[in-house]
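Using the sequences plus the hints, can you model the full thing?
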Amino acid sequence: MSLPSNQFTICNKAYGLYVGRPQREDKSLLPKPIVALPEGVRSAWTTKSSKPNTSILMVGGAPTAAMTNQVFAILLPEPPATTWKIMPVPQAGANTYLITKADNPSQGWVMPSGQSNTQVAVRPLIMGPSDPPYYPPNQLWTIIPQN
Numbered sequence: 000m001s002l003p004s005n006q007f008t009i010c011n012k013a014y015g016l017y018v019g020r021p022q023r024e025d026k027s028l029l030p031k032p033i034v035a036l037p038e039g040v041r042s043a044w045t046t047k048s049s050k051p052n053t054s055i056l057m058v059g060g061a062p063t064a065a066m067t068n069q070v071f072a073i074l075l076p077e078p079p080a081t082t083w084k085i086m087p088v089p090q091a092g093a094n095t096y097l098i099t100k101a102d103n104p105s106q107g108w109v110m111p112s113g114q115s116n117t118q119v120a121v122r123p124l125i126m127g128p129s130d131p132p133y134y135p136p137n138q139l140w141t142i143i144p145q146n
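Under numbering that gives the first Met the number 0, the sequence shown has 18 at position 19, and the numbering climbs by one with no breaks.
Some clues are possibly wrong.
To be verified - Computed list of lysine to aspartate or glutamate pairs in EDC-like fashion (alpha-carbon distance at most 20 Å, straight line):
hint, residue 1, residue 2
1, K26, E77
2, K50, D102
3, K47, E77
4, K100, E77
5, K100, E38
6, K47, D102
As the list claims (entries may be wrong) - Here are the computed distance ranges between Cβ atoms for each label pair:
hint, residue 1, residue 2, range
7, P76, G15, 31 to 39 Å
8, P136, P104, 32 to 40 Å
9, G113, P144, 18 to 26 Å
10, E77, G113, 27 to 35 Å
11, P78, I143, 24 to 32 Å
Since the hints were made in silico from the structure, they are not lab data. Only a predicted model underlies this, so the values are computations on that prediction, with no experimental measurement involved. For every residue, glycine included, the Cβ atom is placed at its ideal position computed from N, Cα and C.
Here it is in structure tokens:
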């Protein structure tokens with residue numbers, strides 16, 4: 000599924016934590032981690048459509064990429080942005096999705112813990128053998144458009 004290009008928030012289903020770039024960042028052009036934000040803080044995300052059913056997720060004007068099994072905002076042309084596949088999981092609730100790598104849908108976003116400033120990981124996804132499939136809530140994301 001492609002998301003609309005307007006702004007939205009991304010929140011982890013297990014912990015209720017919104018994710019984005021840290022509130023305090025160094026001034027370098029190094030990649031910035033995508034982390035669980037402190038309670039009450041939200042980041043506005045946008046998307047740039049890539050191929051059909053895929054998107055480049057952007058936060059703070061920067062595209063995101065999977066590097067060293069974690070998600071980062073990329074401020075320079077290298078490394079290239081990761082193209083993500085946003086897959087609805089309606090059995091887990093409204094506006095609930097898996098965010099997977101478009102070129103390897105078995106790997107996707109996972110929130111390792113419920114602590115603020117925990118970096119979003121990119122890991123092999125777990126799928127329970129049921130119909131419809133069951134996914135652990137720490138790898139489910141609520142994506143809510145902003146008005």
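Hints that the structure is at odds with (numbers, increasing) | Numbers 5, 8 - these are the hints that the structure violates, sorted from lowest upward.
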